[in-house]
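Novice: Given next are the chains, with one letter for each unit.
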Amino acid sequence: MIELILMPLAAFVIGLAMVLMMRRIGARLQRRVGPPLLQPLWDIIKLHGKETQTSHGLIHELGIVMAIGGFVAAVTLMPLPGMNGLAEQGGLIALVYMMMIPSLGLALGVGQCANPNGSIGISRALTAMLAYDIPMVIVVFGVAFFYGSTSLVQIIDAQQAGGFATWGIAEMPLLAFAGLFAMQAMLGKQPFEIYVAPAEIATGPMVEMGGKFLGGLFIMQCFQLYAAGALYTLLFLGGGENWLTFLIKVFAVVAIPMSIAFLFPRYRTEDVVRLVWKWPAMIGLLGIAFLMY
Amino acid sequence: MTSLDHLVLVSALTLALMLLFGRMRIAGRLAVVLYAVQFLLLMQTGALLGEPVASSLTLSVLDLQMHWRYDALSWFFAMITIGAGFFCAWYAAGVWQERYREEGHSPRLFHVALAANVLTMLILLGSGDLLSLFIGWELVSWASFLLMAVGGGPAGRAALRYLVYAFSGGMAILAGLMLIYTQTGSLDYARVLSLLGELSDGQVWLLLLLIGGGFAVKMGLLPFHLWQAAAYAETPGPGSSFLGAISARMGLYALIMLLVAMLGIGRLTAMEVPFTFLSARDLIAWIAALTVIIPTYIALQQHDARYLLAWHGIGQGGYMLLGLMVGNAVGSAGGLFHVFTYGITQAALLMAVFAVVHRTGTADLNKLGGLVARMPLTFLVLLFGIISLAGLPPMAGFVSKWMVYRSLVAEGMPLLFVAAVVGTLGTILSVYKLIHNIFLGQLRIEHEQVREAPLSMLLPMLGLSTLIFLVGVTPGPALSWVAAVQASLGLPPVPYTLGGIEDPRGGLDMLWLVGILMAGFGVGALIFFGLGGRSKRVHQLDNYAGGHFLTADVRYQYSDNFYAGLMHLIGPWYRGAFLWLEKALTATVAFLSAVMNGFYRYAQPALFVLATAVALLALTTA
Amino acid sequence: MMSLTLEGVVLIGALGLIVIGALGMAISNHLFRMLLALVLAESGANLLIVLSGYRVGASAPILGFGDPTAPMVDPVPQVLVLTAIVIGVGVQALAVALLLKVYRVYGTLNVRELRDRMDADVATAAGVEADASQDAPAGERPLPPVPAHASVGSGGFGRRGPVPFPPQSDERRP
Amino acid sequence: MISDLAVPNLFVAQAGQLVLPVVLPLLAAFLMQPLARVSTALARGLGPLVLILCAWITAQLWIQLGDAPFTLAIGGFAPPLGILFYADGIALLFALAVPVFALLFWPGSESGGGAGADSRPGSDQADRDQAARRDALVLLLVAATTGLALSGDLFNLYVFYELAAVASFGLVALSGTGRAQVATFRYLMISAFGSVLALAGIAILYMQTGTLNLGQLAQLAPETLNNPIGSAAFALMLIGFGVKAELFPVNTWVPEVYAGAPARVSALLAGLVSKLAVLVIVRLLVLIFPQPEAAQMLLVLGVLGVLTGEFAAWRAKDFPRMLAFSSIGQLGIVFVAFSIGGEIGLLAGLAVALHHLIVKSALFGLAVRWNGSLEALAGAARTSPLGAALFVLFALSLVGVPPLPGFWAKLTVIVGLAERGTPLDITALMSILLVTAVEASYLFRVAIRLYQDNPDPVARHARRDLGVSALLGAVLVAATLGLRPVADVLGAGAAQLGDRAGYIETVFPSHVAGKD
Amino acid sequence: MRNLASLLFAGGLAFLLLTLLSQLAFGTPPMRVGSEILAVAPGEVGAANLVTAILLGYRGFDTLGELAILFAAATAAGVVLGRRRDDARRDPPGGEVLRTGADLLFPLLVVVGFYVIAHGHLTPGGGFQGGVILAAAFFVALLAQPARHLSHGLILWIEGLAGAAFILIGIWALVASGDFLAPLLGPGRMGELLSAGTLPLLSLAIGLKVGAELAGIMAHIADAEAPDT
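Chains as they are written, first to last, in full-length UniProt numbering: chain A, 1 to 293; chain B, 1 to 622; chain C, 1 to 174; chain D, 1 to 516; chain E, 1 to 229.
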């Protein structure tokens, strides 16, 4: 039981660090200094402490709750070194679908805001989800099929059995590449950041999000970064043999999209769909074809 | 008199009572009670776990024996049928019925149609041989036609379209049965089963085409899906729920009888499709997968809530067949279980939509919005429903879909897996559009005074929602039925637990998952409500509108063409290939008809008599 | 093939009458000529019946009329032909009566003209344009399109071509 | 079977009375017009009275003598010489059905008694004359069709067939419109041409066998008619008798006539007269032409009839015409069924034929008021709810929806075809199934139309037509409920109908070797 | 096109029928029924003219049917041509020669007609033939003087009663001997006028009925209004 409390906590902390890392990398690439160590945490606290908190109704608020809660639940399905959490009770497929709940919650919350701009943003976000989930499920299928199990615990065990040679990335390089691609889109990072549209917040889903609503989304982002990195690590990098290697792997995984993100402009939604359906999906299918024959 | 006789008799009694007293106000409640009695009688038959229960009625026509019996499969489908009838009658029993009467329709006709549907379905499900199967099939088709047509107007046209499809399908089935009869000399299951193995592959293909095709019409499998959405959507409220919940599943039942019980998955796998590397099983699975994808994305385009859900109904049928075609324990269980989960989901969803129609008078997604503030409980029902429909945890739909996915992974069917997920994603998109356009966004001025749905309609909706959630949390009991059905079909039974599936290679335990999800929500709520300051509720118009100020008489709602970007991309794919097919067939019939008419109009009679005389004489002397 | 005796010629004549009558019925464009052709054909058939009782060298079947020892022809076909002739007369008389009436109503007995006038008649009775009524199906077609108001795409892949972008919605514009 | 009593009692059923159901209507018909001059009421009551009497006599005969087939030599002349009546179950059934249906569809004043299109205010006398003529023609039709059911002599059958034809010409022309007259003429020409061919066929048959008695023909058939000559004779007679039986392609008269004739006359023609013509063809087929070529002809023409009729009906613009085309299709199925042969084929054919007799008559009964275009029927359910409900019932049975009798009849046909299973049979089976779908489409298009909203629906039905249709609908429902006894009766009838040896034995009871 | 097809089909029909008939034993009929009737008819029926014996005896029922057909045709013609119009335009009467000739011929034809009817069972002829001659007598009169029309009522009565007489004779036989239209009154002496039982009576009924029937049709057609064109 204690694991179930520790796992989200660890995820949150790691996620905070990731946000920090993201902002630092961005700053480096743009020749800035970057924020201090605890800046993400302070941001969250500050947002929660704001005096004007405008709510558009209960669903608006529950949407944020769902967004946070979904990730809190999802991270317990991803085994950490020494902690399996609920990985035995719900496998990979459950995890993938669990990670859609925050999206749904966010969508509901934004919808309740009664702002057409927000709805447009959700339309974009869901379309993008349709795009990146396809290569992602291809990847998930490939891994599950390769290891003959949908249980992450068993997948990790199988990967760790023979060192690097049995890691997913070594066994299934094409799938690993496709997964990276999909993760980029999943995190909403450039060039796939149209639906979050942080630069044009007024026409995105966040338009009505202020104060603790935005704070909640900040927390969600921490979980999201962590979840993406951890999932990739679990699928392709052999999970964590111990905490050190786990952290290294997770941060390395997240660092890649961060670095790529700052090099690219932005795609339109349709272009995202087209690109993601074309390349990572194809590569993923090719990878599965290699696995099966 | 066996317990099955009692069940059918009470069902027939329901029909008779509705015919007699359907005009009265009490009729609705009477129907509810009678459906409940039927449900209890069904429970009493014990057909699920014990031996099949036979009816004492047998008929013999042309030396063809007909008899009726219930086994676990029949019981399972009958349970859903009567349950759907119960909830739909409940929904109709109160305010809805009065409104229906006020609108100039006949509640009696509606109750009769519903009772007839339940009765005929029970008869179909009891069929003990192929002839009684066909008879039941026809009865169900016409009962559905009745229910569809009672709406009048566009419903009549849609029902007629259904009729043409269904009846053509019925005739194809009859042709297939005659094929079986010529080959085996019998229509009895056991005898046919023992002789079916001797059929050549070509004959089995013909059989699949004729009988399978006929059954597929009812299920709305591609390419016979065009009739279904309009026919189901235009049916009066509870009727639509009923049809959506179970009617098309009769096609699945019959397909199970044909594909699983009679031919067997093994036979299908052994049959190669000529010139390809596919087997018959793959082919059917792909038809199922395409049935998932194409109607789902057509649903995405709809801007009538009823049509949207009806199109999804077609797509969800694809999952069921897909799961069955995978054929392993988890997959077939998933397919069967989805019949149940989807049934309660669709019923709840359509009830919610019709509750909105009841209050606002429209189901047009472009003319609604913001109703969550006025109809919060209906919103909740719809929310539960869409989560289940989209197959997200923690609702019932997730479990059944998870099982289908899991089996696809286990059997190594990547493309089908992707197809299934593509369908799910499309579902998520379109159900969000559904809930957003009805309940979220800005409330329209004309709906300011709308009230929550009346209690008589709300209760069954809430009941179904509870069921959706409970089955999602503890699928075990329901899975035990499914396992019994599998056992009766000769399939490996699914290893179920109270919370889900036991599988050493990755199982599912919904108790834990829902628990942690609830805990997660709790944490989220703690953070959100505990950490921050109090939030201030503002008017829905008090939001950022790009520098404009919104006035109270102008409402902005982003609803029309909700996924404009996506449509821009995939719009060109929406070509009416199947509609063209249908039109081409109609045109062929019209052409033939014109030719025949011309014959009777313009033929020089004497010339034809002469020609016939010559032809016949030539035949005799030749 | 039989040798061509007198009887054979009569038999061929009977056949010829039937065939000529049939031909006449098939190619006439005038109802009365058709009727005359029918009379010819009936005569042929009657002749055939009488011939079916023909017996070489036999006498009429009337006792005390000729040589009592000579064989008689089969009397039955003669009875049959008597009946058939009278039936034919009745039918022909009725046909003439009908033609009189038709001529009185339409003023023509030419098949084509008659058909045109009847079409006009039918159209007037149905209250539709004469030309439109002929080939238009009655009522609606059995596979009606799904009502337009339900959904743009509800009839299947109803939309052809790309969806207009940006969306053209004229609702909710102030 | 002939009674030896010097003064037989007319009130005790005996075979000699079998002639009365044919003769009494003739007598009444002959006297109808003079009587009408004397007393209108008498003339009006005479027809129904005679029909009731006929039905009563036939029923008595059936009850008391109908266990086994029996014969009646008219004039007391021993079988091959004179004319013979042969009464088995089916013959008696039809002989009973004829007066009953004629009574049900007895044309009233609505069926047109005047000169129609050019009717001017004529004198009462002229109207009465016309009514008397109409009644006389119906009685003639009754006599003719009863004779068709009972007669066991080929030429006698031809005579009755012609009588039925001529009487129906007069009845069709009754509505008095120009269209009806042209249709009648067309009908007359086809019918007369067919008669010429039938006569030629009879002549050929007589040349070959020297007899006209069906029993004797049946005796001689295996040795003298199982050859091209026999088949040719059958072909010619098939065309001839096929005209009234709506056999393709001598049925081009059907749509115009049924659309133009008074609806009740159409009901009689489509329901009753066509069935009797079919019965004649079946008798010929069973008794005289058991060779497969004959059945094959029937099968091919039947299938063509099914296809053309049902497809043409799909585009029909008015109600009677739609029924007419549908009738062509249904009779095509009847032919297909009889072509199967054997007990199952005969059973199937009888079932379909009787079903069609009931259903199509009743539908034409509804057409008395619904005689216009289909468009005009919109919303008719509002004024005539029972009529609309009956239409739906009959349509359901017609397309063959279980458990209505139409389904079992069609199923029997299909099973019969499947059991024989030659490629031609399978084609027929598929054609029947195909057109059944088409049939459902057009019938239920009308059904939906009946229940449409329409502020200005057509007139309601007269009580009598509705009552007749309801009665026939009740018969249909009763047959559904009592399927088993009905099937048993039909099965026994079919067995008798198909019993060639039994027929010969009944006609020539003392017959030993049968070779002259 | 249609003519060509018709021609071809007619040719085909001719060829086929010819082939068919060439296979028949023409000129030597099997005469199964015929010879038997030739043998027994004189004793059973007693008519010298065996054709009449068959027509009114063995196949008397056919004859009744035939009468009915003629009656049906007349009635149907009445239905078709509808009401008589007294004011119908009529052709002017014929010339003096025609009228005088017709007046002279009329009684002659009537007498010949009845003669043929009465001797039907003895010599060629009989009810049908005589009836037609009777009708012809009226035709002649009608052609000569179109303005003079026959009394429909009289025709109706004659045809009705004549037909009824035929049937009643049949029913009399049914009552008397148990068989409809069975020969009654004994065959008598072959060759005499009053022989052959009821045959002459039947013949008379037929003759009157046929005459009335044909006259009736003729009257209907004559009364039919000429078209306006």
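Since the hints were made in silico from the structure, they are not lab data.
Here the structure is a predicted model, which is why all the values come from computation and not from measurement.
All C-beta atoms in this analysis are idealised placements derived from N, C-alpha and C, irrespective of residue type, glycine included.
Warning: the hint list may mix true and false statements.
Beta-carbon label-pair distances, calculated as ranges [said to hold, decoys possible]:
{"no.": "1", "chain 1": "C", "residue 1": "33", "chain 2": "E", "residue 2": "22", "range": "27 to 35 Å"}
{"no.": "2", "chain 1": "A", "residue 1": "51", "chain 2": "B", "residue 2": "480", "range": "49 to 57 Å"}
{"no.": "3", "chain 1": "D", "residue 1": "292", "chain 2": "B", "residue 2": "276", "range": "52 to 60 Å"}
Chain E residues, not near chain D, derived (Cβ > 10 Å throughout) [unchecked claim]:
{"no.": "4", "residue": "24"}
{"no.": "5", "residue": "94"}
{"no.": "6", "residue": "102"}
{"no.": "7", "residue": "156"}
{"no.": "8", "residue": "159"}
{"no.": "9", "residue": "201"}
Novice: All the hints need checking, so say for each whether the structure fits it.
Specialist: Hints and how they fare:
1. C:33 x E:22: 27 to 35 Å: 31 Å, holds
2. A:51 x B:480: 49 to 57 Å: For residue 480 of chain B against residue 51 of chain A, whose Cβ atoms are near 55 Å apart, the range 49 to 57 Å holds.
3. D:292 x B:276: 52 to 60 Å: 43 Å, violated
4. 24: 5 Å, violated
5. 94: With a cut-off of 10 Å, residue 94 of chain E remains clear of chain D, as the shortest Cβ separation is near 29 Å.
6. 102: Consistent with the label, residue 102 of chain E stays out of reach of chain D, its closest Cβ about 28 Å off (over 10 Å).
7. 156: Non-interface label on residue 156 of chain E violated, nearest chain D Cβ at 5 Å vs cutoff 10 Å.
8. 159: 7 Å, violated
9. 201: 15 Å, holds
Checked against the numbered hints given earlier, the structure breaks hints 3, 4, 7 and 8 and satisfies all the rest.
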